[in-house]
Structures are given as C-alpha cells and as structure tokens.
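*Asks:* So the protein lines, in turn, are chains A and B.
Take the first sequence: its letter number 606 is residue 995 in the numbering used here, and every next letter is one higher.
Take the second sequence: its letter number 258 is residue 263 in the numbering used here, and every next letter is one higher.
In case anyone wonders, no lab produced these hints; they're calculated from the structure.
Don't take each hint at face value.
[As the list claims (entries may be wrong)] Once the Cα atoms are required to be at most 25 Å apart in a straight line, the calculated DSS-like pairs of lysine-lysine come out as:
| no. | chain 1 | residue 1 | chain 2 | residue 2 |
| --- | --- | --- | --- | --- |
| 1 | A | K787 | A | K707 |
| 2 | B | K81 | A | K780 |
| 3 | B | K100 | B | K123 |
| 4 | A | K780 | B | K128 |
| 5 | A | K398 | A | K490 |
| 6 | B | K100 | B | K81 |
| 7 | B | K128 | B | K100 |
| 8 | B | K100 | A | K787 |
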Amino acid sequence: MDLHFGDSKPTDEERAAIDTLLGPPESSWEGADRSDADLRWARGGRAARERRDLLLPGLHAVHDRIGWISEGALDYLCRRLTVPPAEAYGVATFYAMFSVKPRPATVLHVCTDLACAAAGASELCAGVEARLGPGSGVSVERGPCLGLCERAPAALAIKAGDPVRTAVSAPATVERAVLAASSPDSAPEEPAAALAVPQAGDPALMLLGRVGVVDPASLDDYRAHGGYTALRQAFAIGPAGVIREVTDAGLVGRGGAAFPTGRKWQATASQPDHPHYLVCNADESEPGTFKDRVVMEGDPYSLVEAMTIAAYAVGAHKGYLYLRGEYPRALHRMEHAIGQARARGLLGDDILGQGYAFDIEIRRGAGAYICGEETALFNSIEGYRGEPRSKPPFPVEKGLFGRPTAENNVETLVNVLPILTMGAPAYAAIGTGASTGPKLFCVSGSVDRPGIYELPFGATLGELLDLAGVRDGLRAVLLGGAAGGFVRPDELDIPLTFEGTRAAGTTLGSGVVLAFDDTVPLPRLLLRIAEFFRDESCGQCVPCRVGTVRQEEALHRIVERTGADAAADITLLREVGRAMKDASICGLGQTAWNAVESAIDRLGAYE
Amino acid sequence: MTVTSLGIPRRLLEFTIDGESVRAPEGATILDACRSAGKDVPTLCQGDTLTPKNACRVCVVEVEGARTLVPACSRKAEAGMEVRTDTERARHSRKVVLELLASSVDLSTTPEVAGWLKEYEAKPDRFGPDAARVDEQPRIDNDLYVRDYDKCILCYKCVDACGDQWQNTFAISVVGRGFDARIAVEHDGPLTDSACVYCGNCIEVCPTGALSFKSEFDMRAAGTWDESAQTETTTVCAYCGVGCNLTLHVQDNEIVKVTSPHDNPVTHGNLCIKGRFGYQHVQNRD
Numbered sequence: 390m391d392l393h394f395g396d397s398k399p400t401d402e403e404r405a406a407i408d409t410l411l412g413p414p415e416s417s418w419e420g421a422d423r424s425d426a427d428l429r430w431a432r433g434g435r436a437a438r439e440r441r442d443l444l445l446p447g448l449h450a451v452h453d454r455i456g457w458i459s460e461g462a463l464d465y466l467c468r469r470l471t472v473p474p475a476e477a478y479g480v481a482t483f484y485a486m487f488s489v490k491p492r493p494a495t496v497l498h499v500c501t502d503l504a505c506a507a508a509g510a511s512e513l514c515a516g517v518e519a520r521l522g523p524g525s526g527v528s529v530e531r532g533p534c535l536g537l538c539e540r541a542p543a544a545l546a547i548k549a550g551d552p553v554r555t556a557v558s559a560p561a562t563v564e565r566a567v568l569a570a571s572s573p574d575s576a577p578e579e580p581a582a583a584l585a586v587p588q589a590g591d592p593a594l595m596l597l598g599r600v601g602v603v604d605p606a607s608l609d610d611y612r613a614h615g616g617y618t619a620l621r622q623a624f625a626i627g628p629a630g631v632i633r634e635v636t637d638a639g640l641v642g643r644g645g646a647a648f649p650t651g652r653k654w655q656a657t658a659s660q661p662d663h664p665h666y667l668v669c670n671a672d673e674s675e676p677g678t679f680k681d682r683v684v685m686e687g688d689p690y691s692l693v694e695a696m697t698i699a700a701y702a703v704g705a706h707k708g709y710l711y712l713r714g715e716y717p718r719a720l721h722r723m724e725h726a727i728g729q730a731r732a733r734g735l736l737g738d739d740i741l742g743q744g745y746a747f748d749i750e751i752r753r754g755a756g757a758y759i760c761g762e763e764t765a766l767f768n769s770i771e772g773y774r775g776e777p778r779s780k781p782p783f784p785v786e787k788g789l790f791g792r793p794t795a796e797n798n799v800e801t802l803v804n805v806l807p808i809l810t811m812g813a814p815a816y817a818a819i820g821t822g823a824s825t826g827p828k829l830f831c832v833s834g835s836v837d838r839p840g841i842y843e844l845p846f847g848a849t850l851g852e853l854l855d856l857a858g859v860r861d862g863l864r865a866v867l868l869g870g871a872a873g874g875f876v877r878p879d880e881l882d883i884p885l886t887f888e889g890t891r892a893a894g895t896t897l898g899s900g901v902v903l904a905f906d907d908t909v910p911l912p913r914l915l916l917r918i919a920e921f922f923r924d925e926s927c928g929q930c931v932p933c934r935v936g937t938v939r940q941e942e943a944l945h946r947i948v949e950r951t952g953a954d955a956a957a958d959i960t961l962l963r964e965v966g967r968a969m970k971d972a973s974i975c976g977l978g979q980t981a982w983n984a985v986e987s988a989i990d991r992l993g994a995y996e
Numbered sequence: 006m007t008v009t010s011l012g013i014p015r016r017l018l019e020f021t022i023d024g025e026s027v028r029a030p031e032g033a034t035i036l037d038a039c040r041s042a043g044k045d046v047p048t049l050c051q052g053d054t055l056t057p058k059n060a061c062r063v064c065v066v067e068v069e070g071a072r073t074l075v076p077a078c079s080r081k082a083e084a085g086m087e088v089r090t091d092t093e094r095a096r097h098s099r100k101v102v103l104e105l106l107a108s109s110v111d112l113s114t115t116p117e118v119a120g121w122l123k124e125y126e127a128k129p130d131r132f133g134p135d136a137a138r139v140d141e142q143p144r145i146d147n148d149l150y151v152r153d154y155d156k157c158i159l160c161y162k163c164v165d166a167c168g169d170q171w172q173n174t175f176a177i178s179v180v181g182r183g184f185d186a187r188i189a190v191e192h193d194g195p196l197t198d199s200a201c202v203y204c205g206n207c208i209e210v211c212p213t214g215a216l217s218f219k220s221e222f223d224m225r226a227a228g229t230w231d232e233s234a235q236t237e238t239t240t241v242c243a244y245c246g247v248g249c250n251l252t253l254h255v256q257d258n259e260i261v262k263v264t265s266p267h268d269n270p271v272t273h274g275n276l277c278i279k280g281r282f283g284y285q286h287v288q289n290r291d
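The shape of chain A in the complex, shown without the other chains:
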C-alpha cells in the first residue's frame, strides 16, 4: 500500500493527543522527523495495517483534545496507523459526534427525540440557541436520544481539552444547560443512577438489586453483595456447563432480536477457527432506551463478571465493550471497574487462579445508531465505516476480525449471573414458558415515575404503567422505541412477553415503553421518528438510504392533513415502507417504517 499524504501538518496539540494514545512514532514512516536510519528500513505491510482498529480511538483522542479533526491531524493519524487518508476521512465523517470542520471546543448536544420532545425540547433548544449564539464558544447541536429519558429534556455538554470535560443537564432548563456548556466543571453532579430505578432497594430485584445499594466504585462492596459467586459457579461447572445452564434457562437476547443466547454461545464455542471473541453491545441508541446505561452506572462490576463468564463459555480470551459515545459516566464507571478487576486478578492472565485468561477493552462509539447492529459494530471496532455486513456469514462464524464472535447486549449478559447463582430451573420458572426470567423496561414520557423497571416476563403493559404512575390523557404507548410500534390506550392488557407482543401484532424490542399524552401531536412524533431514521441510515443500501428520506418527506407533507388529503401520501408511505422492510440490508431499514405503520393502522393517525 503506497499511501499518499498531503502537506498538512498536525499541530503540537494534535500530535500530542495521538502520541498519548499510540506512543511516540518510531520512525519517519510513522510520522516522526526523518533520520538517516529511516532510509535503511521500511515499515509497512501486515504488521502496520493490523493496527487499523486503533483508528476510531485515534479519532476520539484528537476530537477529545481539540474538538474537531483537522486535515493535519487526520493525516498524522493515518501515517501512524498506515491507513489511507481517504478511508480515514470516510470513517471520520460517518459519525455524528465528529466534526471535520472547525467548530468551538464545547458542543452542547440537546436531545430532541421522542421523550424529550414531549417534555419541551423544542422550547429548550430555542432558548439555548438564543443564549449560545455565534461567538459564545459553544456549538449547539440538536440530536437524537441521549438515553436520559427518565430526566427529559436532556442535554450533554462536551468540552474538548486535556482532559475532555463533560456535563449532563437533565432535566434541563435553559439556565442549567447553558451553565453545563459554559463551565462543565462547575455544573452540578448528576443524580445517582439509582434515581433512575424507582424500585431501587427492593430485595426481590434480580438485575437491579445492587443498583443504589452498592457503591459502584467498590469491588469489595460488589463482592459483599454476591458479586463473583456466579463466576465461581461457572468455573465449577465448566464452559459446556455454563452454556447448558444458559440454554436450559431459556435466556434470549434482550437487545431486541430475542435470539436464544445459549444457541449463540454454543455455535461460537464450537467453531474450530480461533481466536474467539466476545463483544458486549452497549451502544444502546434506540430512542427511549436507557437500561444499559443504568446497569453500567449503578452496577458496573456485574457486567465485568458477566462478560467474563460469557467469554469463558465461548472460549474467548479477549472481550470488547462497545460503549455508546454519549454515555460519559457509564464510560468512567466501566473503565474504573475494569481497572479494579484487573488489579485484583479478576481479569488478566489467571482469573481466580483458574488458569483462564480474559481481558476487556472498551471501545467508544461516536454517535451512530447503526453501530448497534451487530455487524456494523464489528466494522466500527475494526476501524471501518459502521456499515452492516451482509449475512450470512453470521457473527458466530465470521464476526469481529473475521473470527467467531459472540455478541450480546448488556442486559442479556447480566441475566447470566442469576442463571448461574439460582440455577437454570429456578430461573426458567420466572416469567412465561416462552419468555423466561426478569426483563428491564425503560418507562418514560407521560408517567409520574419514569425510569427502569424490572418485572418478570408476563406482566401486562397496564401493570407496568400503573407502577410508573401513568398520567391522565394517555393517547398512545410506543413499545420498542423508534423501531417498535404504537399501541392504543385500550390495549393495556397486552402481556409484556416476546410471544404476547408478537400475538398482539407489535414488538417488545429493547423494552422501551414510552407513554404519550396530547402534548405533542402524533404526526409531529411520527415526523421525528422519520427524521431519526433518515439521519441514522448508514446509506449503504438504496431502500433505506432514499426510502427514509421519502418517508420523511411524505410525513412532512401530511403533518397537518387528515382523511382524503393524506390518503395519497399514506399509500406512498405503505409502498416505500414495504420495500424498506423487504429489501433493506439490515434491521434499521427493515424497521424504519414500523412505528409509522402502527400509528396509521392502530391509532388511526391522519384519520
């Protein structure tokens, strides 16, 4: 590979940011000043290219320090990693959080997504934009869900520097958001994660039992509350035993697809190709979803332990935690927890003296919903554009770096702990026959006590909403987020199970339950959902790339229309929607029309 670089040079600051991550360059081939010795050897080939996966961390390093990625910085990073600049530019422009144009060091991301829109995000945006105009040193970006729905409306300030500073303002007022953006260090501390768990402290909780009870920074506290008993049990029964327990427990994926976890692990473990990888998908970006954030913030060691068990079961010695870029506190907590676990021999070469080696590396996303798609996530980690791959081959066969990979959602993994401590039969007895165990629900919108609720599968939607204190004037409930579907207020007896929601013609998705009253007109919400998909489509396949645009245009046309005036556009929407569902490469395009379709068919929007 004969790389071509322009004349742009990195600033000292940019160079320092990259060198802090990668170490100083070894030779002029990697961007150092040229010496005579460099003329006698060349660095390149496979060894240099194998570091491609450091591209995304490198882009983060520059962005964290400077606030945008200049030509000089990108070129220098490319030299360091032997990556063609065109490809790196393609990667940098893929992510919403990165800018390749100069912009102020501080960016205030204001969520305008569903829960926040219903809580007054548009007034918040207008107020913040009026205060933080040009020259204020803050760039205000309206963006998708920040995963802070229980405290809507939400804003996240990121101030580039060394180190990068972040501040969350939620629930945000204009005043508080401006304060967070102008001086992130003096912004008030975020409330504890437990405040997002209205049931916190209830001894019956299996997944959230430690949230608000243990100190999330203390490994000792975690162990004092039952931590690492599941891993000991795993070592006692061996990898095949773990897979058997997980299979017998009936655990299925909680990220939305509901694939049997035991089968996925068995398929990965039995692949002859090595090494195997474990990837934890913590890129939860589905609007209205924030359960994984609360677990990672409130009980980070449980995820470390669960990942260790999963890796042990599938024969992986390296795990990646792909964590959403908009979750600064979850990132800090997980970094700390992984560091502590490593220092105490719970990660590393010889875990618990069992001779089993495993370690976890955190990779940060940078604002791309599509990277929650399993194969797009692999591409993102590998330093490519986060575009989904076509399947087959499936990840269990060719996943991360082309190797057998088990990828699981955070909630799925933490379910493994109770399965091993209580045993598969006891776990399988919870819930219904086809949906076993406890489930986390992200309740927000028009309720008095929004937050994460843990209920056994089988509770009805009405029971959940009663628990959360649903307000009067309920107009619709969105199940499963933007990729999910709406149900009517008279359908509250739908059982919250995979089979129950399917029978009712809707979906459980990732467990989002968003309640809406009449504050925001339904057509506006649908338009916001359509905007979301238009913005988040990766652009790879035609049905999704253009279809999401045509969907948004049609919804825009009929936002104030009903009946016969809207009929032609609804026909158009149905035809485009059907093609997106049938012909898109991945789940994003395939579900981009779901919520709109359900609103038309079930709620009678535009009638």
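Use these hints to put chain B onto chain A, whose structure you have.
*Replies:* Relative to the frame of chain A, chain B by itself:
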C-alpha cells in the same frame, strides 16, 4: 506447456428457481444460477470483476423460508432452496428501488435502466417535485476523467476497484452518512491532491456513467456523443511487456475512450494510466 488450473471439482447443488429444477456448482450465487437458467434479474451494483456489495437491492428475489427478500447477486445457492424471481413481492421492491433511485439521481446514462423502469411500471415522479435529489455538479478537476456524482447510485464499485479488490490505491471512499453519503477523496478535495493514479479502473466498473472519460463527457455536453457511430477494436497495449488488452472506442476516426475486456484472465478489465489514457500519440497527425 501451459497448464490451465481447473481447480478442484465442485459439487453440483440442486434447487429450484421459479419452480424449475436447476443445478449450480457449489459456491455459485443465485444470480449465477438464474443467468445460466436464462432468467433475467436486473442488477446495478453487481460487477463481473468485483465481489458483490449488494447495495442497490434491485436484484432481490424471494427465497422460501427467508423473512426478507434476498439479494440474488451475493446469496450463495444452497441445495433444496426454493427461489422465486418474479413474485409480486420481489417486483414491488424492485419497482420501488428503481423509483427511489430515479427520483434522486440522474440515470440518463445508465444502460438498461429505462427498460426496467418501464417493465416494473416505476413512476419516479410520484414523490413530487420537491423530492430531495443528490444534486451534485460535475467535478472537472483534471484532463482525464470527470466525476459527475449527480449520476452516482453509490454502488461502491469504484471504491472497491480503487481499494483492495484491484488497484490498492485507496484514493476514494464513501464519506458522510445516509442520503448525504458521497464518493470522495480525503478531505473532499480535488482528485489532483489525492492518491489517485489515474488508472481509470473506477471508470471501467462504474455502472451509471457517473465516472467518464473527459472526452466522453465533453462530447456528451456538445451533443456529439454517438455510440451507434463508434467502433470497438480490441488490441494490445504497446507501452510495456505485460500485454494488457485495450478496447479502443473510435468515433469519426478519433479514439474517444478506452476500456479493457473483463474476461481477460490477467487483467480482468484493469489498466494503468498509460493504457487507459495514453492514446494521444496514436492520433497525432502532425
């Protein structure tokens, strides 16, 4: 003695296409099988010299048991598969895909697409006069070829040909995301500042005419481009000893563009800058 490697014998898989039993060698795609069975499935992003990207989704077919339609160009045939190429469901998706493309980019130089639009009764105009278009101006920043991204359907073929599938130059990439995604060099600059080596292998694979010889672009603009008046002569490049095949497209006794046969076992349609663009001396009559 020249030995032609036939590879190891491949097992034949038996399955059905539109109810008819067909046999295809293991590893063949549904599209391969369709073509050898004489079935026509439209394709845009599929290229005979490239690994299928299956981005355009115009070749989708129905496979029994599959939740969604599958791209014929990349899905490998399996024994016992029941493929249907012409169902209402597949035709609907093809129609909408063609409408989405035709309403967003200029397909006027895409071969065969006019026939497909008619065949599938696609009506790109129904998205209204305000439907967003790609809306790009032709980029004319060098004397050899023009990048007219208003005609680009983002099939990724040029990127693959420039990258690890053929040229290994990596001068271009898809940049941006979603509807705003475009093909560009680093920092979205001019080609002359990029790693481009002007091999023109991207033009060779471009299915829509978004990439074209400057000579073709100028003649089209002047209204003098006339494919029916052109002859194609395949010859051997005289620049070096490799002996690449060139196909010279000649109109009015002038070479107007150069392609290369895709079935050439050595070059597979690829050339270097000299073979692709270095033909001026042939017609220097002074």
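*Asks:* For every hint, state whether the structure bears it out.
*Replies:* Now the hints, each set against the structure:
At most 25 Å may separate the alpha-carbon atoms for a hinted pair to count; K787 of chain A and K707 of chain A meet this at roughly 16 Å. Note on K81 of chain B and K780 of chain A: the hinted pairing holds, with a Cα-Cα distance of about 11 Å set against a maximum of 25 Å. Taking the CA atoms of K100 of chain B and K123 of chain B, the gap is near 10 Å; set against the 25 Å cutoff, the hint holds. At most 25 Å may separate the alpha-carbon atoms for a hinted pair to count; K780 of chain A and K128 of chain B exceed this at roughly 31 Å.
Pair hint K398 of chain A plus K490 of chain A holds up; C-alpha atoms about 16 Å apart against a cutoff of 25 Å. Simply put, K100 of chain B and K81 of chain B have alpha-carbon atoms about 24 Å apart, close enough for the 25 Å limit, and the pair holds. Pair hint K128 of chain B plus K100 of chain B holds up; C-alpha atoms about 8 Å apart against a cutoff of 25 Å. Straight-line distance between C-alpha atoms of K100 of chain B and K787 of chain A comes to about 33 Å, which puts the hinted pair past the 25 Å bound.
Consistency with the previously given hints fails for numbers 4 and 8, ordered from lowest to highest.
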